[in-house]
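Heads up: the sequence lines are chains A and B, in that order. The numbers in the first sequence follow this note's numbering, run straight up by one, and end at 247. The numbers in the second sequence follow this note's numbering, run straight up by one, and end at 128.
Accuracy of the hints is not assured; some may be wrong.
[Claimed, not checked] Derived list of chain A stretches under chain B, where covered just means 3 residues or more per stretch with a C-beta under 8 Å from a C-beta of chain B:
#	segment
1	89–99
2	202–215
[Unchecked claim] Below, a list of computed lysine to aspartate or glutamate pairs in the DMTMM-like style, where the Cα atoms sit at most 25 Å apart:
#	chain 1	residue 1	chain 2	residue 2
3	B	9	A	99
4	B	9	A	108
5	A	217	B	100
The hints are simulated quantities; they were obtained by calculation from the structure and are not laboratory data. All of these numbers come straight from a predicted model, not from anything done at the bench. Even glycine gets a Cβ: it sits at the ideal position worked out from N, Cα and C.
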Amino acid sequence: MSETITLEVLRYNPETDSEPHFQSFVVPYHEDWVVLDALNHVKDHIDSTLSYRWSCHMAVCGSCGLIINGEPKLGCHAFVRDYRGGVIKIEPLDHFPIERDLVIVMDDFIEKLSSVKPYVIVKEEKPVSEGEYIQTPAQLKVFKQYTQCINCMLCYAACPQYAMNEGFVGPAALALAHRYNMDSRDCGKDERAEVVASNEGIWECTFVGACSEVCPKHVDPAAAIQQTKIAASLDWFKALLLPGGKK
Amino acid sequence: MSRRPYIRKVERNWFLSQRRYTLYMTRELTSLFVLLYCVFLTLGVVRLSQGQAAWDGFVTTASSPLGVIFQLVCLGFAAFHSVTWFAVTPKAMPLMIKGEPVPDKTIIAVHYALWAAVSAVVLIAAGV
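Chain A on its own, in the form it takes in the complex (with noise of 0.2 Å):
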């Protein structure tokens, strides 16, 4: 018999359980495969209902992140290879309710993520016969890791303040507001303060760096946090000293 890898997944049927629970399966073990292929052969092989998210199998998406053998990844971006021997347990992302099987409920990630305006925000916007916003390539280096976030949420179930206060804005939206706080066209910097230097922003962060080790984009939220909590200082302090600085 060719060789196998077991798979343990969360199951949970809202229509039907109690509460979620683990349930093996056995699928062929390739070296080539990615954890989300696992996944697949699951479902079109061995049981049809198993749900979860997926789309573009090349770490560009973001649907498919899951908690894999305990550490958040995207299902494609893991190989099987690097468990064989063993046992893959997955579930689905932590800190988020469990809407089906691999399935979480995303509003309030969307809510957070649309509320620090992740946009470019122009004083004045200009008739397309004026041109491009122009930026140069300096200027864009200043914030580009930033760009490279693909909303996966990986960083949110990596984050145990997030866990343990669920009003917390949380990494992915506040690594966004940074990347636009630092865009050279931006002027929404004190639109998206409201949000992002509130408590619930950048100061319920304590710095545990969980969320930039895990993210699959390297896009390192929490460096951006602590760079959005020096300039809230900045701005506070010159806020508080220059005369005409208060608003």
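Take the given structure of chain A and dock chain B to it, following the hints.
For chain B alone, kept in the frame of chain A given last:
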């Protein structure tokens, strides 16, 4: 079909579940010892202001075996505190010089150099 999302509770011992959480909690715990040492130093200053006899009493307590153990424990935790914070300074204070990011190692090294310099100034001022 009705929705009935299931909410999992966070375990009370969540910080033991992963090494990175345990390290984080240890780092947080170190601040308690930094605080204790600050209180100890403040007490010393207060005793100094109360005259020679009070100061001598403080020095005797500080040099007793228990006093030395206390200070060594505080030193250990303070060192862990400083080392872990220096390690993350490049995240909080990334520097760009002439459009190029300064390497993390350089930023950390500058912190250690400043630490050594400040310590040397303090030791010289103390007449050691």
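Against the structure, the hints:
Counting residues of the segment 89–99 of chain A whose CB lies closer than 8 Å to any CB of chain B gives 5, which reaches the minimum of 3, so the coverage claim holds. A count of 7 residues in the segment 202–215 of chain A with a Cβ less than 8 Å from any Cβ of chain B is obtained; the coverage claim is therefore met, three being the minimum. With a CA separation close to 15 Å, the supplied pair residue 9 of chain B and residue 99 of chain A stays within the 25 Å bound. Of the pairs offered as hints, the one joining residue 9 of chain B and residue 108 of chain A holds, with about 17 Å between alpha carbons and a cut-off of 25 Å not exceeded.
The hinted pair formed by residue 217 of chain A and residue 100 of chain B meets the criterion: a straight-line CA distance of about 21 Å does not exceed 25 Å.
Of the numbered hints stated above, none is contradicted by the structure.
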